[in-house]
Amino acid sequence: MRIPVPLKLAVLAILTTAFYTYVGQMVPQKMVEAPQVVEIAEDVSTAEMVEIGKTIFEGKGMCSTCHTIGKTGALRFPDLAGIATRAAQEREGLSALDYLVESLYEPEAYIVPGFNAGMPAIGKPPIGLTDQEILTVLAYLQSLGGTPEVTMETRHTYYGTD
Amino acid sequence: MNSPAVKIVLGLLVGIVLLAGTAKLVSYLIETEYRSPSAPRGTAESTPRQQGLADEEAAADQAARERTYEEETYRAFPIIGSRVVVWVLAQLHLLFAAFVLAVPIFAFIIEAIGYFSGDPRYDKLAYEFTKLLSVSFSLTATFGAFMTFMLVILYPQFMNYLFHVFSPTFLPYVLLFFAEAFFLYTYYYGWGKFHPLVHLGLGLGLNLVGTAIMFIANAWLTFMTSPAGVAESGALISTWEAVTNYTWMPINVHRIIANVAFGGSVAAAYAAYKFLSADSDEERAHYDWMGYIGNFVAIIAFLPLPFAGYWLAKEIYAFNQALGIQMMGGAFSWLFIIQAVLIGNLFLGANYYLWLGMGRIPGSERFQSYIKYLLIAIAACFAIWATPRSILATVSEVRAMGGSSHPALGFLGVMSAKNTAVNILILSTFVSFLLYRRGGRIPTVAWAKAGNFLQFAIFAGASSYVIYLGLKGYLVDAATRIGYSVPQVGSVLIAMVAITIIDLFLLRGSRAVGETAWGKISPISQYVLIFIAVTFTWLMGLMGYVRSGLRQHWHVYGVVRDMSPDAFTPTLGFATQVVSVTVLIFFALIGFVFWLVSLGDKGKWRPKSERVGPERAEAA
Numbered sequence: 021m022r023i024p025v026p027l028k029l030a031v032l033a034i035l036t037t038a039f040y041t042y043v044g045q046m047v048p049q050k051m052v053e054a055p056q057v058v059e060i061a062e063d064v065s066t067a068e069m070v071e072i073g074k075t076i077f078e079g080k081g082m083c084s085t086c087h088t089i090g091k092t093g094a095l096r097f098p099d100l101a102g103i104a105t106r107a108a109q110e111r112e113g114l115s116a117l118d119y120l121v122e123s124l125y126e127p128e129a130y131i132v133p134g135f136n137a138g139m140p141a142i143g144k145p146p147i148g149l150t151d152q153e154i155l156t157v158l159a160y161l162q163s164l165g166g167t168p169e170v171t172m173e174t175r176h177t178y179y180g181t182d
Numbered sequence: 004m005n006s007p008a009v010k011i012v013l014g015l016l017v018g019i020v021l022l023a024g025t026a027k028l029v030s031y032l033i034e035t036e037y038r039s040p041s042a043p044r045g046t047a048e049s050t051p052r053q054q055g056l057a058d059e060e061a062a063a064d065q066a067a068r069e070r071t072y073e074e075e076t077y078r079a080f081p082i083i084g085s086r087v088v089v090w091v092l093a094q095l096h097l098l099f100a101a102f103v104l105a106v107p108i109f110a111f112i113i114e115a116i117g118y119f120s121g122d123p124r125y126d127k128l129a130y131e132f133t134k135l136l137s138v139s140f141s142l143t144a145t146f147g148a149f150m151t152f153m154l155v156i157l158y159p160q161f162m163n164y165l166f167h168v169f170s171p172t173f174l175p176y177v178l179l180f181f182a183e184a185f186f187l188y189t190y191y192y193g194w195g196k197f198h199p200l201v202h203l204g205l206g207l208g209l210n211l212v213g214t215a216i217m218f219i220a221n222a223w224l225t226f227m228t229s230p231a232g233v234a235e236s237g238a239l240i241s242t243w244e245a246v247t248n249y250t251w252m253p254i255n256v257h258r259i260i261a262n263v264a265f266g267g268s269v270a271a272a273y274a275a276y277k278f279l280s281a282d283s284d285e286e287r288a289h290y291d292w293m294g295y296i297g298n299f300v301a302i303i304a305f306l307p308l309p310f311a312g313y314w315l316a317k318e319i320y321a322f323n324q325a326l327g328i329q330m331m332g333g334a335f336s337w338l339f340i341i342q343a344v345l346i347g348n349l350f351l352g353a354n355y356y357l358w359l360g361m362g363r364i365p366g367s368e369r370f371q372s373y374i375k376y377l378l379i380a381i382a383a384c385f386a387i388w389a390t391p392r393s394i395l396a397t398v399s400e401v402r403a404m405g406g407s408s409h410p411a412l413g414f415l416g417v418m419s420a421k422n423t424a425v426n427i428l429i430l431s432t433f434v435s436f437l438l439y440r441r442g443g444r445i446p447t448v449a450w451a452k453a454g455n456f457l458q459f460a461i462f463a464g465a466s467s468y469v470i471y472l473g474l475k476g477y478l479v480d481a482a483t484r485i486g487y488s489v490p491q492v493g494s495v496l497i498a499m500v501a502i503t504i505i506d507l508f509l510l511r512g513s514r515a516v517g518e519t520a521w522g523k524i525s526p527i528s529q530y531v532l533i534f535i536a537v538t539f540t541w542l543m544g545l546m547g548y549v550r551s552g553l554r555q556h557w558h559v560y561g562v563v564r565d566m567s568p569d570a571f572t573p574t575l576g577f578a579t580q581v582v583s584v585t586v587l588i589f590f591a592l593i594g595f596v597f598w599l600v601s602l603g604d605k606g607k608w609r610p611k612s613e614r615v616g617p618e619r620a621e622a623a
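Just so you know, the sequences run in chain order F and P. Each residue of the first sequence is one higher than the last, beginning at 21 in the working numbering. Each residue of the second sequence is one higher than the last, beginning at 4 in the working numbering.
Just to be clear, a hint being listed does not mean it is correct.
Simulated coverage check for chain P against chain F, where a stretch passes if three residues somewhere in it have a Cβ under 8 angstroms from a Cβ of chain F [claimed, not checked]: (1) 142-156; (2) 174-187; (3) 428-436.
Here are the computed lysine-lysine pairs in the BS3-like style, where the Cα-Cα straight-line distance is at most 30 angstroms [what the hints assert, rightly or not]: (4) Lys317(P) to Lys50(F); (5) Lys27(P) to Lys80(F); (6) Lys28(F) to Lys317(P); (7) Lys74(F) to Lys91(F); (8) Lys91(F) to Lys28(F); (9) Lys611(P) to Lys523(P); (10) Lys91(F) to Lys317(P); (11) Lys144(F) to Lys475(P); (12) Lys28(F) to Lys475(P); (13) Lys50(F) to Lys80(F); (14) Lys475(P) to Lys134(P); (15) Lys452(P) to Lys127(P).
I should point out that these hints are in silico values taken from the structure, not numbers from a laboratory. Quick reminder that beta carbons are idealized off the backbone N, C-alpha and C, glycines included.
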């Protein structure tokens, strides 16, 4: 029996697409949810802020997309291990907290030597963290090689500016 | 009684009887519904159920009258959801649009070659390509209108925002669309009716207008990824700045090249279908040639496509580093492994077709021994390109490897290795083309030996330089390593241009070993052409997804947030399923286009009694 050409071609098209669909099922399957505003109570302790800040750092804040912690070698963005200690010496005239705050709200103001500009202001879209969420990220950054000091009552130059 | 016609009639009768029986039963059950014995006179027909329904309707009517007007933010599409319906329609619109924009480009070039060379075969070929356009143009417009309606219905507020930014571009778009229809139909129906130069002028107009339409539409979609010309609040500052956003020109260039590659592959698929259905050697020879030209166009356009892709990626990084990193290292990084599988298959398919095609060229046997080396190089590059940086592994496997990267193969998963692999892949395919081109000819120029040596030296030099930079990339910092992709790409481009120029002069006045036996090629080659077309289409679907999906939970990145239930990024598995469905719908429709175009080759219908010989046998 002679199989009609259109039928053969249809089978070939279906098999080819089926193969690529199969390849698509073989790779890791990850569904990314849209980030939600993190509800933070006013009375959370600094230790709890560190935990919340870590979650934001790795998730909604997208910080870990670019920054590493404890990695050496050819890096595209500064590694953040020990940043709590380094922050005090990084920029003359700025305290460790002020330096971290400026890095988050106005990252283009100072670029760490050896690296290129490229970090977005995380208080603005597309990341768009709230001032409260940024306070928790600050607590987490202070915990990297230091002792976190910020509380939910901490107010800095950029607070409430967005 | 056993006749199929009797069975069909009986089946229909039984069906009608069953349907009538069911209707009667339902009617009986409704008629015998319980009615209150104490119902007042004149309301005896009203059952409690009917009363309940009437009350419900009245309440709904009252509620509708009291409701205040509120602008809808989103509306939902049933079952498959708003995103999927817009996704499929947009992709189908784009596939047909790409085809309609691409075919006139190479039809115009082929027609011009025919006019200036005086060879009527080229004119016939250009006309044959153009025949595919008319129906495809209608389908493009239909899907465009369908998609627009769906967007306005399902995403009214977001579309209102796009109208706010881009309203000045809509009138030129519509006017250009009219001009496109004018040029397309005049070009098609005016074939052979005007002076060739006038006709070529129509073809040029068609291409210019088509490209302008695409540029306008590209402004809308690129703005969504890399918005410009608007304030942080989204308020419009400048429409022109919104049009000329970061990714607009890279997408324009990328799409022109990709459209030509895609259009060539679909036209080659049409030729393959005609070749496989052909009844005579003459037809087979013609469609073999047409398939070769279509594939040639596709591959020539395909070779520089990765470079256009680099530029686009660079602009995405320049617009927003986080967006670029998200694309290459975040949620979409594995998509590029799927892309590598597709592109690897395209290269393998294209080379295999060329090697099969060498069988119809007398004298090409002398190059057969090189093919195995090319195959090894292509297969090795394909494998490197498709190697992921981190692999899926169990906890014990991760422990054994000391991380999610394989201790040895993990080194092949980084950009240094992948950039090197893709550049060597391009160079190897270029060599296949060169061997094919050289197959039936022997250079007669005095400097032939030196010319060959020079070509080989350029090829070897470029390959070595690409590999050297690839290896050096492992030893330098990231910024320097990223910078290496430019000289890698540059050396490959320079090598291809230089070798082609030498080849043109080398083959001037060359001796032909024999005539190419068009049509004398294995039918497998035609299935390869279909495979290439399906793969190209699938690749376009996949890359369309990443271009759009990259925005994640934003309609306009960083400006208008997606608050709909579809604001999540689906899994790659789901995305590939949608792409596959879209590709199959496209091929069902393009098959319809092929069939419609083929009808033109058939004779007019005549009653059975008037048919003679083979015509009667075919009808039987």
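Problem - Holds or violated: Lys50(F) to Lys80(F), with C-alpha atoms at most 30 angstroms apart - result: Satisfied, since the Cα-Cα distance of roughly 15 angstroms is no more than 30 angstroms.
Exercise for the section: Would you check the hint for Lys144(F) and Lys475(P), treating anything up to 30 angstroms between C-alpha atoms as holding? Expected result: Violated, at roughly 39 angstroms.
Exercise for the section: With a cut-off of 30 angstroms on the C-alpha distance, tell me whether Lys91(F) and Lys317(P) pass. Expected result: Given pair Lys91(F), Lys317(P) holds - Cα atoms ~25 angstroms apart, limit 30 angstroms.
Practice task
Verify the proposed pairing of Lys317(P) with Lys50(F), using a straight-line Cα cut of 30 angstroms.
Solution key: holds (25 angstroms)
Practice task
Measure nothing beyond the straight line between the CA atoms of Lys475(P) and Lys134(P); if it is 30 angstroms or shorter, mark the hint as holding.
Solution key: violated (51 angstroms)
Exercise for the section: Verify the proposed pairing of Lys452(P) with Lys127(P), using a straight-line Cα cut of 30 angstroms. Expected result: With Cα atoms ~38 angstroms apart, Lys452(P) and Lys127(P) exceed 30 angstroms; violated.
Handout entry: Coverage assertion for the stretch 428-436 of chain P with respect to chain F, Cβ distance below 8 angstroms, three residues required
Key = Violated: only 0 residues of the stretch 428-436 of chain P have a Cβ under 8 angstroms from chain F.
Exercise for the section: Quickly compare the C-alpha distance for Lys28(F) and Lys475(P) to 30 angstroms and report which way the hint goes. Expected result: Answer violated: Lys28(F) to Lys475(P) is near 48 angstroms, above 30 angstroms.
Problem - Pair hint outcome, Lys28(F) versus Lys317(P) [Cα-Cα no greater than 30 angstroms] - result: violated (42 angstroms)
Handout entry: Restraint status (C-alpha distance of Lys91(F) to Lys28(F) at most 30 angstroms)
Key = The given pair, whose Cα atoms are some 54 angstroms apart, is violated under the 30 angstroms limit.
Problem - Claimed coverage, the stretch 142-156 of chain P by chain F - three or more beta carbons nearer than 8 angstroms - result: With 0 residues close enough to chain F, the hint is violated.
Problem - Agreement of Lys74(F) and Lys91(F) with the hint, judged by alpha carbon distance not exceeding 30 angstroms - result: holds (17 angstroms)
Checked against the numbered hints above, the structure breaks hints 1, 2, 3, 5, 6, 8, 9, 11, 12, 14 and 15 and satisfies the rest.
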